[in-house]
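Here the protein sequences line up with chains A, B, C and D, keeping their order. Heads up: the first sequence runs through residues 0 to 303, numbered per numbering that gives the first Met the number 0. Heads up: the second sequence runs through residues 0 to 303, numbered per numbering that gives the first Met the number 0. Heads up: the third sequence runs through residues 0 to 303, numbered per numbering that gives the first Met the number 0. Heads up: the fourth sequence runs through residues 0 to 303, numbered per numbering that gives the first Met the number 0.
Simulated from the structure, these hints should not be mistaken for lab results. Please note that a few of the clues may not be correct.
When chains are identical, the list treats them as one kind, so a pair holds in a single copy or across two.
[Stated by the list, open to error] SDA-like mimics (lysine to any residue), calculated; alpha carbons at most 25 Å apart, straight line:
#  : residue 1 : residue 2
1  : LYS166    : ASP202
2  : LYS74     : LEU172
3  : LYS166    : THR130
4  : LYS254    : GLU243
5  : LYS149    : THR119
6  : LYS254    : ARG241
7  : LYS254    : ASP63
8  : LYS254    : GLU143
9  : LYS254    : ARG212
10 : LYS74     : GLY128
11 : LYS35     : THR157
12 : LYS35     : GLN12
13 : LYS74     : ALA292
14 : LYS166    : ARG90
15 : LYS35     : ALA124
16 : LYS74     : GLU243
17 : LYS166    : ARG27
18 : LYS74     : THR130
19 : LYS149    : LEU172
20 : LYS254    : ALA294
21 : LYS35     : HIS52
22 : LYS254    : ASP277
23 : LYS74     : ASP260
24 : LYS254    : PRO242
25 : LYS166    : ARG295
26 : LYS149    : LEU87
27 : LYS74     : ARG27
28 : LYS35     : LYS166
Protein chains: 4
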Amino acid sequence: MSENPARTARLGQNQYGKAETRVVRITRDGDRHHIKDLNVSVALSGDMDDVHHSGSNANVLPTDTTKNTVYAFAKEHGISSPEEFGLLLARHFVTSQEPIRRARIRIEEYSWERIGGPGTQHSFARTGGGTRVAQVVHDGEGTEVVAGLKDLTVLNSTDSEFWGYRKDRYTTLPEAHDRILATDVSTRWRYSWADAEGETAPDWDASYRETRRHLLDAFAQTYSFSLQQTLYGMGSRVIENRPEIDEIRLSLPNKHHFLVDLSPFGLENDNEVYFAADRPYGLIEATVLRDGAEARIPAELTNL
Amino acid sequence: MSENPARTARLGQNQYGKAETRVVRITRDGDRHHIKDLNVSVALSGDMDDVHHSGSNANVLPTDTTKNTVYAFAKEHGISSPEEFGLLLARHFVTSQEPIRRARIRIEEYSWERIGGPGTQHSFARTGGGTRVAQVVHDGEGTEVVAGLKDLTVLNSTDSEFWGYRKDRYTTLPEAHDRILATDVSTRWRYSWADAEGETAPDWDASYRETRRHLLDAFAQTYSFSLQQTLYGMGSRVIENRPEIDEIRLSLPNKHHFLVDLSPFGLENDNEVYFAADRPYGLIEATVLRDGAEARIPAELTNL
Amino acid sequence: MSENPARTARLGQNQYGKAETRVVRITRDGDRHHIKDLNVSVALSGDMDDVHHSGSNANVLPTDTTKNTVYAFAKEHGISSPEEFGLLLARHFVTSQEPIRRARIRIEEYSWERIGGPGTQHSFARTGGGTRVAQVVHDGEGTEVVAGLKDLTVLNSTDSEFWGYRKDRYTTLPEAHDRILATDVSTRWRYSWADAEGETAPDWDASYRETRRHLLDAFAQTYSFSLQQTLYGMGSRVIENRPEIDEIRLSLPNKHHFLVDLSPFGLENDNEVYFAADRPYGLIEATVLRDGAEARIPAELTNL
Amino acid sequence: MSENPARTARLGQNQYGKAETRVVRITRDGDRHHIKDLNVSVALSGDMDDVHHSGSNANVLPTDTTKNTVYAFAKEHGISSPEEFGLLLARHFVTSQEPIRRARIRIEEYSWERIGGPGTQHSFARTGGGTRVAQVVHDGEGTEVVAGLKDLTVLNSTDSEFWGYRKDRYTTLPEAHDRILATDVSTRWRYSWADAEGETAPDWDASYRETRRHLLDAFAQTYSFSLQQTLYGMGSRVIENRPEIDEIRLSLPNKHHFLVDLSPFGLENDNEVYFAADRPYGLIEATVLRDGAEARIPAELTNL
């Protein structure tokens, strides 16, 4: 990007912003309260050579300001979905600050359910079942929305085999014809929507909900001969059922559950008792694309 | 305990065992599978002076054996509840090994729910909403069962105040008449049941389920002037409603949600936008006892 | 403690305060800077029945105030050592607030070393090698100082055996005559000093430094037949060499390093290649006391 | 990559392997032992369409085998450096298995220092000061070596300013003319060496050691007007001093240390007492390149 003739070094891709701004937004519907709980990270790029070379901050909007903007926007615009909130923020930074040419907003959303019995209107417990994530990139010309989820732990207690693999000098693994298959789903999918004129945005919440359901269904319903096959089954199910999605990447650790050898104790282990191992673990990663679509989700994104 | 006349040092309380044995037990009800997922830690005490003084392992059952026993018992006895499984293990070690006089079994249970739509019989997703824990101590004469839960995050978006407190030279906190109250519940309760002759054991699963519900209800339904009051409301609700429980200890971090000052941006913040802070946090801890009951849950246990 | 006749529940041991206040104190010696970096947790007890029963905060000094006090004291008194800083705080709360009868201050200290070459005066890198901790309890009558360290990972690559242990139906472990012995040291020691008239306080920094050295030396120099023996060797070395210390508790996970079976690949493994396992791990815990001293360090403290 | 005409979905970039194999290698130099402690992750790519589409494992070398290979290679070849060990593994997988076209080996190395006083030959304590990392990619035609470090926490207690920045409606930050600058360095640098004929490989250990020193020196010696400037100073120092390195990427969180307002207590805070905040934090990321070199380190790599 920049050149600094007096030196052999030059600046490449760079970005800056405030990471992990934790914003909770309460909305009152009479006595009935609603909660949105986000972790927002802003990364801005643009005409930033000077600040790197000389420390001149003339083009730098402070990261503290990006944090303030998150809070102010939560008040001014509310939070309808992480994707929509990310779009508002991304456009704002690029539109309002001339030196900023590109904004990337990453959001984690933590979900809550109501507690306390009938009639309780403002009490919540945080739920599990994975964390919803979204990433919006806007550069003044186009917009890209990637959504996803992570830390969703799933397990099939049967209908998984693993055999017929290559063997070399270092192969000792016995073939398995009935094993546990368990993983922590980390996935990101990219919407085709690019904010072009006349284009209607997806219903972000409905799309998230349905995509999550397809992923769970495909995991549960695939009779698996390899985690790769299950992964592809999950990814292709989404592509085939959600026309608004052009690309999906999944990172699936193979959380090994080893059958414990109980024979020294005179006991048979008929796929009943397992040791759940921590490390090492298999790690299966792939992108599934709609035919004709371009691959644009970085390989590392599902490892974050 | 021991004396070693040649030295000024002597051995005090000691224990050893295998910590964090991860056991998953699958049970088949025809095609329909059930899963139990535990993390089991064993701590044994007894006649252990020699191993400390000379390294003689003559009285030491290896920690590897305690791990094997967990797996073998999962097969031989199944896992009906963490309390019941802990009882079986604790009695076994004390009964079968003369030098071992006391066994403490700690268990975490991770819960799963079915996924994949109607008819799926062997597919599960791990749930959130806190982790169930149990501790069983058996010393040959008596038995003590402590159950509990941790990492259950709850929040009231109103009906919480904090004012009328002491002020000194270092007090700057403004009084609050409507604030968010949020915490991660960590609690342990002790059953009166001690395995005496003729005594019937509680229904561990029902007791856990109902105690958890009382805790959530009391949290949600208490109009709070301090987190101490909420804590006591939660603890006393359990003591008053669950006769099988004699003592409960709670450790409740005050997860601060600070109202963001939006006035520099010309915006009012009518209890809508909050910053969820990490550290520091308030920490409120107390034991609530049944009248006449003895306090026996260690103060640190709810910090683990 | 309290009785509440209308109810079956009563309040037991309780405490409250601000946990994990992160304070960094810079001291300038001309251009040369010094840094102290602490994590301070305050827990106060006393006449606190009302706040639990009714929510009246009349006896409650806000946790926010305890946080402010930490910062103000860092300015007013500086930070010479975590023990000394804890003493100042503990005495302050008990002395200045009538309802507060007991204060417990827990501190972690993170250490830094100078970087940047000769002459750099204000640049630091955080070091590893474990975290120093201290706990001061003051109740108006007496004072107790416990110091310690945690997360100090050590390993002997030989001079460790494990054999001659008890065997039962579930024992499969082969005896080991040359194994790796590795652990994360977590330990707390108690000083005899109780702030009585005429008593001189230990040199906290020197005592910490020397105790740490004795622990490392004893770990390294003990030819070990069990981790219990090594533990006792470490604890007794401290008791025998540091007259100011009356009691020490250690919690030592046995971080298993399993010799990998390379024979399927036609390779011999002459104690060269190991798998470092995560879970499960052995956990060996014990207190070592000076003859005649009372055991007062809670068993759970070294698990925090 | 693949096309599957019956479907709208197709497979994109994919890789698989065993992650986080923990290998410890002891070498004996007479009684004097040496230790190498690595965490090795293997990711293989190639002709893997079938396993995704049908679950046929005919082209799949099991991840268990990649784990075994790590252990066997530790015995057969020893571990001279993470880079060299990664090279051996990467070449092996591509060379020995026809369907595998590309291997990426990622390694973390944990460092140890000797303890126990003069003459102790086999006792070690794990050190801090960051974790060394390396990544080797080999695809049969070329080789790319990226090295780096992470979790190295550094702090300047003065010589840092921040002012002259852009201000908008949401800017409230006061300018700072003397602040603490602290960060956790995460960095990766790419060597120009590509294993071409006649090319001599760098001395990996010396290069790592010197690059680390340059990074620390540049951090300490830069009078900073922005963290961007410090980052560029660190990156360009490496490019200018280490001819074997063509590209370096840094990810530097701005670990905020806020000056505590002590004025309510009648105290002045002359840059003495700071609150070390957790979240949110600034995050400054950039690549620095040798003039003419291509940018090839993925932006996300320094976030892992």
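Hints, verified against the model:
Within a single copy, LYS166 and ASP202 get their C-alpha atoms no closer than 48 Å, and across copies no closer than 35 Å, so neither meets the 25 Å cut-off. In this assembly of identical chains, the alpha carbons of LYS74 and LEU172 lie at most 25 Å apart only when taken from different copies (20 Å versus 57 Å within one copy). Neither within a single protomer nor between protomers do LYS166 and THR130 lie at most 25 Å apart by alpha-carbon distance, with minima of 38 Å and 34 Å respectively. Proximity of LYS254 and GLU243 under a CA criterion of 25 Å is satisfied in neither setting, with 31 Å inside one chain copy and 39 Å between copies.
Taking the closest pair of Cα atoms, LYS149 and THR119 come within 25 Å of each other only across two copies (23 Å); inside a single copy the shortest separation is 30 Å, beyond that limit. Proximity of LYS254 to ARG241 under the C-alpha cut-off of 25 Å is found in neither arrangement, the shortest distances being 28 Å within a copy and 39 Å between copies. Proximity of LYS254 to ASP63 under the C-alpha cut-off of 25 Å is restricted to the inter-copy arrangement: shortest distance 13 Å between copies versus 40 Å within a copy. For the identical chains of this complex, LYS254 and GLU143 are neighbours neither inside a copy (32 Å) nor across copies (30 Å), given an alpha-carbon limit of 25 Å.
In this homomeric assembly, LYS254 and ARG212 come within 25 Å of each other (Cα to Cα) only inside a single copy, at 21 Å, whereas the closest approach across copies is 32 Å. In the homo-oligomer, the alpha carbons of LYS74 and GLY128 never lie at most 25 Å apart, since the shortest distance is 28 Å inside one protomer and 29 Å across protomers. Proximity of LYS35 to THR157 under the C-alpha cut-off of 25 Å is restricted to the inter-copy arrangement: shortest distance 15 Å between copies versus 37 Å within a copy. Within a single copy, LYS35 and GLN12 get their C-alpha atoms no closer than 33 Å, and across copies no closer than 35 Å, so neither meets the 25 Å cut-off.
Taking the shortest alpha-carbon separations for LYS74 and ALA292, neither the intra-copy value of 37 Å nor the inter-copy value of 46 Å comes in at or below 25 Å. In the homo-oligomer, the alpha carbons of LYS166 and ARG90 lie at most 25 Å apart only across protomers (18 Å), although the nearest pairing inside one protomer, at 53 Å, exceeds that limit. Taking the closest pair of Cα atoms, LYS35 and ALA124 come within 25 Å of each other both inside a single copy (13 Å) and across two copies (24 Å). For the identical chains of this complex, LYS74 and GLU243 are neighbours neither inside a copy (30 Å) nor across copies (48 Å), given an alpha-carbon limit of 25 Å.
Taking the shortest alpha-carbon separations for LYS166 and ARG27, neither the intra-copy value of 62 Å nor the inter-copy value of 33 Å comes in at or below 25 Å. In this assembly of identical chains, LYS74 and THR130 lie within 25 Å of each other by CA distance solely inside one copy; the values are 23 Å within and 34 Å between copies. For a Cα distance limit of 25 Å, the shortest separation of LYS149 from LEU172 qualifies neither inside one copy, at 30 Å, nor across copies, at 34 Å. In this assembly of identical chains, the alpha carbons of LYS254 and ALA294 never lie at most 25 Å apart, being 27 Å within a copy and 35 Å across copies at closest.
For the homomeric pair LYS35 and HIS52, neither the shortest alpha-carbon distance inside one copy (40 Å) nor that between copies (32 Å) is at most 25 Å. In this homomeric assembly, LYS254 and ASP277 come within 25 Å of each other (Cα to Cα) both inside a single copy, at 7 Å, and across copies, at 14 Å. Taking the shortest alpha-carbon separations for LYS74 and ASP260, only the inter-copy value of 11 Å comes in at or below 25 Å, while the best intra-copy value is 59 Å. Proximity of LYS254 and PRO242 under a CA criterion of 25 Å is satisfied in neither setting, with 31 Å inside one chain copy and 41 Å between copies.
In this assembly of identical chains, the alpha carbons of LYS166 and ARG295 never lie at most 25 Å apart, being 34 Å within a copy and 34 Å across copies at closest. For the homomeric pair LYS149 and LEU87, the shortest alpha-carbon distance inside one copy (24 Å) is at most 25 Å, but the shortest distance between copies (33 Å) is not. In this assembly of identical chains, LYS74 and ARG27 lie within 25 Å of each other by CA distance solely inside one copy; the values are 13 Å within and 43 Å between copies. Taking the closest pair of Cα atoms, LYS35 and LYS166 never come within 25 Å of each other, the shortest separation being 51 Å inside a single copy and 29 Å across copies.
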